[in-house]
Amino acid sequence: MRTRGKVHILMLVLAVCWGLFACAGDEEDTGGSAQAIDPLTAEWEDILAQAEGSTVTFYMYGGWAHVNDWIDTYVAGELKTRYNITLERVPMDAAVFVNKLLTEKAAGQEQGSIDMMWINGENFRNAMEAELLFGPYAEKLPNFQAYVDPDSVAYDFGFPTNGYESPYGKAQFVFEYDSDRVENPPRSYEELLAWVEENPGRFTYPQPPDFTGSAFIRQAFYAVSGGHEPYMTGFDQALFDQGAGELWDYLQAMRPHLWQEGSSYPKDSAALDTLFARGEVDLNMSYHPIHAQSKIIEGTYPETVRTLVMAEGSIYNIHYTAIAANAPNPAGAMVVADFLLSPEAQLSKLDPANWGDFPVLDPAKLPEDIREAFAALDLGQATLPVDDLVPVAVPEVPSDYVEALEKGWDENVLQ
Amino acid sequence: MRTLIKLSPLLIPFCVLFLGGMVLAVAQSLGFFAPLEAEGGLFAAYSRLLEPPFLRSFGFSLYVALVSALVSVGLGSVLAYGVWKLPASLQKTATLYKVPLILPHIAVAFMILVFWTKSGVFASLAFHVGLIDSAGEFPSVLYSGNGLGMILAYVYKETPFVILLALAMLKRLDPRLIQTAVMFGASRPRIFISVVLPHLKPVLHTTFIILFLYSFGAFDIPFLLGESSPAMVSIEAYNLYFQRDLSNRPAAMAMLVVMFLFAALFIGIYARVVSRMEMRERKL
Amino acid sequence: MKHWLYMALLVVLFVAPLLALVVYALAPGWRFPDLWPHAWSMRTIEQVFMGPQTSRIFSHLLWSVVYSLLTTGATLAICLVPAQHLARHEFSGKRVLEALLLAPALVPAMTFSMGVHFAFIKLGLADTLPGVVLVLTVFSYPYMLRALVAGYQAFGREYELCAANLGAGFFQRLLSVELPLILPSAIAGGSVVFLVAFSEYFLVFLIGGGAVPSYTGYLFPILNSSDRALGSMLTLVFLLVPLLLFVLTDVVVTRAYRKRGMY
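Chains as they are written, first to last, in the numbering used here: chain W, 3 to 417; chain B, 3 to 286; chain A, 2 to 264.
Quick caveat, the hints were computed from the structure, so don't treat them as lab data. Among the hints, erroneous ones may be present.
Stated by the list, open to error - Chain B stretches covered by chain W per the calculated footprint, using a threshold of three residues with CB under 8 Å from any CB of chain W: (1) 5-16; (2) 144-158; (3) 181-191; (4) 227-241.
These figures come from a predicted structure and were not determined experimentally. Note that the Cβ used here is the ideal one computed from N, Cα and C, for glycine as well.
So that you can see chain W by itself, here it is in the shape it has in the complex (with noise of 0.2 Å):
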C-alpha cells in the first residue's frame, strides 16, 4: 500500500507538471488581449485606461548595468505606482531583435512578444523599411507635444522618424582616459594614430557592428575623408569608394599595434570598459558624455578619469523608443514612451549617478524650476562641459553608410 502511495505521489507531481506546463501556454496566448480601442485614434484616456494593470516588455542592449538598474527601478517603479504598469525589460542586441522581429514578420505571426524596444539608425531604418514598427504615434504623447522640438527629432541618422520612434536621449561621442596613467592623450584623429604606435597594445576599439566599435569607424571616416559635409546629402557609392579607402588606410595602419596586436577586438563596448577599467587598454570610448562620471560613481573607475572630444569632430545622436508592429500591448508602450519623455524621468536619467544620459528636451519649452533643475545637476568632473562639446559636434551620417562602412571594415580590416 505504502508503495503504491508513493508511487500515486508521483504521478500526482507529474501531473501538475504537465498541468503548469499547459496553464502556462493557455496564459501566454490570451497574454495580450484583443484591443478594445485602436491606440493610434484613440483619446490619451482611453489609453490610459487601457494600460492600467498591463505588462509591457521593453526590449534593449543590455551591457550597461547602471542602465539596467535605473530602468528597472526608477523607471519601473514609477510606472507602476503613476499607472499600475509592470515593466518587463529584456536584455538583447538591437540588430538581434530587429532580426527576431523579421522572422516573425516572415512567418506571419501577428501577436509578438515585443512591445518596446530601444533603437536608432540603421536599425530603425531595416525595421521601418520592413514596416516592422508601430505608429506613427509619437505626436501623440503628451510629453511629446509639450516639450520637444519636432525638428530636432525629425530624422534619425538621415532617415525620416515619421512619428514611428519617440526621442528618448541624446549622446555625444567621447573618448575616456585615466589622467593618473597618459599625461598627453590624443586630442586628434592624427596624434591617435600617433599615439597608438607610441604606445602599442594599449589602445583598441569595440568590433563592428557594435553600437560604439560602429560609431568609432564613423568618426575616423570623417576625419580621414575631410568631414562630414559631402556625406549629407544620401548615398553615394563613388565618394564612399573614395573616403572609405582612406579609411581602411588609417585603421591598417593602427592595426597592428592594436590590442592583441589587432587579430582580436573586444567583443562589445562593455568588454572594452572592462579593460579599460582593469588597465589593460589606456583609452576608452563612450558614445555617452556622462558614462565615465557613472562609472566612477558605480567605483569601477577610478576617480581621475576624464574625457575629450576629437579635434576634427565627435559625432551626436538621438536615440529613440519604438514599438513593435505585433505588439501585444501598444497602448501600454505608448504610455511608458511618454512616461521616459516626461521631464522628471528625463532628469533622473541625466543624473550620473544612475544613467547619465544627454535630455532630448526643449530647454526653450521647459518650465523655470524644471530648468533649473536640470542646470543645477552636477555631471561631475569627468564629464566634458556642455561648452566644450557643442563646437565640434556633428551629426550622424545616413544610415546607408554605416552598412557599408560595417561590411568593408569586415572585409578591409579584420580579415
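Starting from the known structure of chain W, fit chains B and A onto it as the hints suggest.
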C-alpha cells in the same frame, strides 16, 4: 508494429522536432521560407561557404575542438586512475572533482576571464613571483588568435566528465591485474599505458566523440571568449543570422547544415575506424 | 601523504577556481597586481539579496528551475516506455535506431533548433514556456534514455511477470513495480537532464526570445560587463540550485528506500 507503438512516445518528438528541425534548416539554407527572395539558385548559399573566411573558421573550429577534446580525455583518464587508486576513505572527498560539471558553460568562460586576462589572477601571481613587471607583459592567453581561452574553458569543463565516465569503467577493473604488473616490475607509466588505458579504451573513444562534437558546435563559450577572426563556425552563423541583413539568412543556415553534416560524418567514420583498428588488434 | 597530495591537486584544479570567485564576490576592488584584496565589501551580497534587482534575480532563477523541472518531467514521460522496450526486446535495426535516438545530444544543437525556430513562430510556440521545454526536451532526452535503458537492463522481467501472474493490470504493474525499481536510474538521468537544461543559454535565448526569463539569460550580460564582483556572486548563486536539488533528492530517495527496506 508493437515495437513502433512502444517506441512512439520517443519517435514522434524525435521525428517531428529533431528531424523536422533538420529538414527546415536544410530548406532555409536552400532559400525556402527566407524573408527575402533568394538570389542565384538553390545552392548559392553553399557556394559562399567555399570562400576562405568560412574555410578558416571551419578549420579553426576543428582545431579548438580537437585540442580541447584530446587534452580533456588525456588529463581526465590520468586523473581518474589517480582517484581510483585512492583509499576508500578518500574516495568520497574526491568527488569534489565534479564541481565544474554543475557549472554552466558561460560561468566557466567567465572563470577563464577572471584567471587568464592580462590583469587576472595569474597575472597577479606572475607579478608577485617576479616573472612580469606590468600587466602588459603577461602573455596573451586570451584573444590572441590561437583559441587558447576557449580550449582552457572546455578542458576545465570537460575533464571532470571524462573522470566521471572513466571512473565508472575503472570500477570494473580487477586490481589484481595491476598487482601482477607491479610484480613483474612494470613502471607506473608502463602500467597506465599497458593495463589501464586498454581497459578504458571504449569509454575514452565515446567521450572523445562527445566532447569533440560538443566543442565543435557549441555556442556559449565562444560567445564570451571567442576571437574576432577567425571566429568559431557557430558564432559566424549566429552573426550572419542575427546581426547582418536578411539576405544572409540562407548562408547562416547553410553553415549550420554543414556543421551538422560534418558531425554525422565524423561519428560514422570514427566508429568505423575504431572498430577496424580493434579487429586488427584482435588478429594480432 | 601521497594520497593527500593528490587530493590537494584535485582541489587546486577543480575547487580553487571557485574560491577565487568567492573572493571576487566579496572584494569588488580586487585588481592587478594585488595577490589578495585590500578591502572587503558586502556590496554584491546586498545587490543580490537585498537590492532593487533581488526580485528579478530570483524570479529568473525560479523560471529556470521551472522549465528545467518540466524538461526533466517531459524527458521521463517520453522515455519510460521506449526505454523498457529497448532494454527488453530485440528487433531488426535496433542498433541503428538506438544510435539515431542518441543523436540530438551529439550533433550541434544549433542546427535543429534554428530550423525549428521558424516553425515554432508559425505555431505560436516561440517565446513561450512550452516551446522552450519542447526544444530542451529534444536536446536532453538522450541522457534520460541512456540511464533508463541501463536501469531496465539491470533487473529482469521477473518482477513484472510475477506481478502479472498475481493479477496486476498494466497500469498497476507500471506504478507499483516498474517505477520504484527504475526510480534510481530515472533520478540519475533526471539530474543530468536538469543540469543540461538549467545551464543552457543559447537554446533558451533563441526559443524563449527573452519572453521566457532564464537565469543564464540574466547572467550573461553581467558576466560580459566590467562588474566582475557581481558576476562572481551571481555564478555562486547559480551553483546553489543544483547543489540543493541533488542533496534534496538524495535525502528523499534514500529515506524512501530505507523505509521500504530496499536499500
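Structure versus earlier hints, numbers of those that do not hold, lowest first: 1 and 3
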